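2 protein chains.
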Amino acid sequence: MKKKMNIALVGLGTIGSYLLKYLIQNKNQLIKKNMAIPNVLKVCARNRNKKRGIKIQKKLWAKDYKEIIKNTNIDLVVELIGGSEGVAKKLVFESLRNGKHVVTANKALIAKYGDQLSEIAEKKGVNLEYEAAVCGGLPIVRSIKEGLIANKIQKIYGIMNGTSNYILSSMQKEKMHFKDSLINAKKLGYAENNPKSDLNGEDVASKLKILTSLCFNSFINKNIHVEGISNIDKEDIINADQLGYNIKLLGISDIFKERICQRVHPALIKKGSYLSNINGVLNAVVIEAKPVGQSVIQGEGAGPEATTSALVSDISSILRGNIKYPFSISKKERKKFKTSDINLRSYSAYIRLEVKDISGVLTNVTKVFSKNKVSIKRIIQSPYNSRKNSRIIIITHNSKDILLSKTINTLARKKFVIKKPKFIRIEYI
Amino acid sequence: MKKKMNIALVGLGTIGSYLLKYLIQNKNQLIKKNMAIPNVLKVCARNRNKKRGIKIQKKLWAKDYKEIIKNTNIDLVVELIGGSEGVAKKLVFESLRNGKHVVTANKALIAKYGDQLSEIAEKKGVNLEYEAAVCGGLPIVRSIKEGLIANKIQKIYGIMNGTSNYILSSMQKEKMHFKDSLINAKKLGYAENNPKSDLNGEDVASKLKILTSLCFNSFINKNIHVEGISNIDKEDIINADQLGYNIKLLGISDIFKERICQRVHPALIKKGSYLSNINGVLNAVVIEAKPVGQSVIQGEGAGPEATTSALVSDISSILRGNIKYPFSISKKERKKFKTSDINLRSYSAYIRLEVKDISGVLTNVTKVFSKNKVSIKRIIQSPYNSRKNSRIIIITHNSKDILLSKTINTLARKKFVIKKPKFIRIEYI
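One line per chain: the protein sequences are A and B, in this order. The numbering of the first sequence is my numbering, which starts it at 1 and goes up by one. The numbering of the second sequence is my numbering, which starts it at 1001 and goes up by one.
Please note: incorrect hints may appear among the correct ones.
[What the hints assert, rightly or not] Using C-beta positions, here's what the derived DEER-type ranges look like:
(1) Lys4/A with Gly1280/B: 41 to 51 Å
(2) Glu174/A with Gln1294/B: 51 to 61 Å
(3) Lys332/A with Lys1124/B: 30 to 40 Å
(4) Asn1028/B with Gly125/A: 20 to 30 Å
(5) Lys257/A with Gly1280/B: 29 to 39 Å
(6) Lys371/A with Ile1238/B: 49 to 59 Å
(7) Glu1067/B with Gln29/A: 51 to 61 Å
(8) Phe1256/B with Arg46/A: 39 to 49 Å
[What the hints assert, rightly or not] One side of the interface only, derived from the structure: several residues of chain A facing chain B at Cβ under 8 Å:
(9) Tyr274
(10) Asn277
(11) Val296
(12) Ile297
(13) Gly299
(14) Ser309
(15) Val312
(16) Asn322
(17) Ile329
(18) Ser330
(19) Arg334
(20) Leu362
(21) Thr363
(22) Thr366
(23) Ser390
[Said to hold, decoys possible] Listed below are the simulated DSSO-like cross-link pairs for lysine-lysine, each with C-alpha atoms no more than 27 Å apart in a straight line:
(24) Lys1367/B with Lys1420/B
(25) Lys1021/B with Lys1123/B
(26) Lys1003/B with Lys152/A
(27) Lys1123/B with Lys4/A
(28) Lys1367/B with Lys32/A
(29) Lys21/A with Lys1290/B
(30) Lys1112/B with Lys55/A
(31) Lys1271/B with Lys32/A
(32) Lys335/A with Lys373/A
(33) Lys1335/B with Lys3/A
Bear in mind the hints are in silico, worked out from the structure with no lab data behind them. Remember, predicted model here, so these are calculated numbers, not experimental data. Cβ atoms here follow ideal geometry from the backbone N, Cα and C, with glycine treated the same way.
Whenever a hint applies, use it, and build me the whole structure from the sequences.
Rendered as structure tokens:
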């Protein structure tokens, strides 16, 4: 007889409802592929009466999440509440402590409490799976943990947020302002009503922290440089375009001399490079590793369909009894790496200044650069048609990030500089 | 105490030697990640004295492959001999029959005998894993079987042969002839001494047959249209380039109205499309599926490093006891689909004719097209500088493949057509 696994779904928003429908409609197929029965025993949500496009039998409803934690018949809890605190946190911690497997799409929770949670899972011999928390439908977690298990990973980077990538792509394609592009993204369902964490880089930061610890067998490292895209102007997109670049929000993590450097920021990347062609809501992640070389995984990073694909892959893995350490390797083997600050890295950079159109400005600007030992590769000065000021665009040679910052800060204080200078790093990836 | 798994490696060429070295050097890491010990108990190769850059203890050598089959201490056999018949076939069949797990990089064997082999594996409850047989380092088999397990796949396509892609890319980049590009590829180690199966499409055909059966839960289907790249001239590459296309060797498989259509052929694809940017020895596979949407996996398709990455992922999966059906699903659930012939598909096509430079030729050519109901989208006639003939390049509208073939065959018989007409399909992917 086939093994039966009792599942509880907690959180029935768009994703939870889609998953529930999927599990009911595809039960037979999952049994055939996994040699075990996924049986949805309980569901739980704040509002029972919300329209979900699916009939939920009365007996399926649990009173609250505490009932789920206590119910000894439940083998596997799927947490789809979200947020790193409150009910989601309690549910996942307590479920693991009670020896239940957990599948979650909650990146904030894993990025914050992943180390403690995986310790409990390891102690209890249960799975804690979170494929859906990182880049939706891309099988990236599974590929790092299983498909690329043979490899020593040196670097992971990519486009990990569909909302910001949609906004930047459409700013580029339609020569739109940030605000208009955001309004469009909301209309089309590509941005949430409150898209703050998508735009300020925090969403990518959570994903990157998780990927970093997976790739380098390290504990989750909270030292990360994060910038978002709200400051990117249409003007910068157009300038970059003319100079042969696209602007993308990147998450990058690498290890060098036993130090990890994690950073999230917009960057100019050469047109024609792989990531420059990733447009719209797509996600794409590149892994550099030995012996395999460079591997790329690209796909839909969000939405109920892609997320369900990831959740079901985790549920299936547990159905097949594929017990693994949540972070590839036992707690006692995970390492605590030192971090390397982005300040110590070197970049070429794109800098845009709005300056008063008075004589000697260019000389004064270039002086600031040479004082800070930042050498200029390219400089373009042109008047703003609409106002009396001038625009100066500078592409620098490779310079220490800290010197670039100093240069910008010095410039910002000059009287002839009218607005806060714009500074975007260039990544040759 | 940790479970120990005794492994035998059969075939110690470039890949086998690299894998052996890897398994010895990374044993501890694999134990940590898989909670079981991969112990190389025996190796076997035709020539013991070949230089392999690794010291092999005397006690490791098996007399011959039969000793491996009979040795009841061996749990897992890694077959790296190659070829669909002879020793490789006997070794894999007999090892499975004797209840041993098998890992292989042998695409010809799996494409030919995969159905029988998986039946034996299923009966014996052992694994038959072949990630390394399909696109080297890309975790494509594992992604279909596990990461994308939730999905109903409709189409799979991509660039699946590094050698031919290297040749086509360098023909394009360096404006080289096929022969010169092939010589280069051999020098650089990107083409074997006998690259026949890489160039005639057979290598891609084997991979595609395996992927098709995985994607559609079908038995291996031998009905496949196969063309290689040996007929692609520098001239066609240049013409395509000027018209806004690159030429790539594609493997494509889809299912429509319960019929599978598998085909391997060179195709013009729009510049700027994802696959058009995959150059050199890279492989890239695109999967269209529900609910996840489009997924892409890209990486190194060949070489000892990438192949070892794939082999070790299979070995690790077995170490963790992740028993699965070799083709995702039990034999009794796999389907036998009808096939749809490429003849019934519709394509735009690129056609190049070399014709005598006499009056009325163009009219005669266009007549052949209209008689066969193939309508012309674009036609360019220009003289060959070096000889007295003319070149006619035609891009057709979408037409049934069978009508395109008829058109070509009729043209080939005309006296004013000097050489066999060149015909390459256009794929809008």
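Hints, one by one, checked against the model:
The hint said 41 to 51 Å for the Cβ distance between lysine 4/A and glycine 1280/B, and at roughly 49 Å that hint holds. Look at glutamate 174/A against glutamine 1294/B: about 23 Å separates their beta carbons, and that is not inside 51 to 61 Å. The beta-carbon spacing between lysine 332/A and lysine 1124/B, approximately 36 Å, falls within the hinted interval of 30 to 40 Å. Take asparagine 1028/B and glycine 125/A: their Cβ atoms lie about 22 Å apart, and the range 20 to 30 Å holds.
In this structure the hint that lysine 257/A and glycine 1280/B lie 29 to 39 Å apart at CB holds, the actual value being about 30 Å. Taking the beta carbon of each, lysine 371/A and isoleucine 1238/B are about 52 Å apart, inside 49 to 59 Å as hinted. Under the hint 51 to 61 Å, the C-beta atoms of glutamate 1067/B and glutamine 29/A, about 42 Å apart, miss the expected range. For phenylalanine 1256/B and arginine 46/A, the Cβ-Cβ distance of about 43 Å falls inside the hinted range of 39 to 49 Å, so the restraint holds.
Annotation: interface hint on tyrosine 274/A holds; nearest CB of chain B at approximately 7 Å, less than 8 Å. Interface restraint check: asparagine 277/A against chain B, minimum CB-CB distance 6 Å, threshold 8 Å, status holds. The interface hint given for valine 296/A is met, as the beta carbon of that residue sits about 4 Å from the closest beta carbon of chain B, less than 8 Å. Nearest Cβ of chain B to the Cβ of isoleucine 297/A: about 6 Å, under the 8 Å cut. The hint holds.
The interface hint given for glycine 299/A holds, since its Cβ lies 4 Å from the closest Cβ of chain B, which is under the 8 Å cut-off. Evaluation of the serine 309/A hint against chain B yields a held restraint, the C-beta minimum of about 4 Å falling below 8 Å. Interface hint at valine 312/A: satisfied, since its Cβ lies 3 Å from the closest Cβ of chain B, which is below the 8 Å cut-off. For asparagine 322/A, the shortest C-beta to C-beta distance to chain B is roughly 5 Å, which falls under 8 Å, so the interface hint holds.
For the restraint placing isoleucine 329/A at the interface with chain B, the shortest Cβ-Cβ distance is roughly 5 Å, inside the 8 Å limit, so the hint holds. Here the hint on serine 330/A is kept, as its CB sits about 7 Å from the closest CB of chain B, short of 8 Å. Restraint check, arginine 334/A versus chain B: the minimum CB separation of about 10 Å is more than 8 Å; hint violated. Look at leucine 362/A: its Cβ only gets to about 38 Å from chain B, farther than 8 Å, so that hint breaks.
The beta carbon of threonine 363/A is not positioned within 8 Å of any beta carbon in chain B (closest approach about 42 Å), and the interface hint is therefore violated. Using the Cβ-Cβ criterion of 8 Å, the hint placing threonine 366/A at the interface with chain B is not satisfied: the shortest such distance is roughly 38 Å. At about 35 Å, the closest approach between the beta carbon of serine 390/A and any beta carbon in chain B exceeds 8 Å, and the interface hint on this residue is violated. Using a Cα cut-off of 27 Å, the hinted pair lysine 1367/B and lysine 1420/B holds, with the two alpha carbons roughly 18 Å apart.
A C-alpha spacing of about 33 Å is found between lysine 1021/B and lysine 1123/B, which places the hinted pair above 27 Å, so the restraint is violated. For a cut-off of 27 Å, the pair hint linking lysine 1003/B to lysine 152/A stands: about 24 Å separates their Cα positions. Taking the CA atoms of lysine 1123/B and lysine 4/A, the gap is near 22 Å; set against the 27 Å cutoff, the hint holds. About 56 Å separates the Cα atoms of lysine 1367/B and lysine 32/A, which puts this hinted pair outside 27 Å; it is violated.
Of the supplied pair hints, the one linking lysine 21/A and lysine 1290/B holds, its CA atoms being roughly 14 Å apart against a limit of 27 Å. A threshold of 27 Å between alpha carbons decides the hint, and for lysine 1112/B with lysine 55/A the separation of about 47 Å lies outside it, so the pair is violated. Of the pairs offered as hints, the one joining lysine 1271/B and lysine 32/A is violated, with about 42 Å between alpha carbons and a cut-off of 27 Å exceeded. Restraint check for lysine 335/A and lysine 373/A: not satisfied, since their Cα atoms lie roughly 37 Å apart, outside the 27 Å limit.
At most 27 Å may separate the alpha-carbon atoms for a hinted pair to count; lysine 1335/B and lysine 3/A meet this at roughly 25 Å.
Hints 2, 7, 19, 20, 21, 22, 23, 25, 28, 30, 31 and 32 from the list above are not met by this structure, while the remaining hints are.
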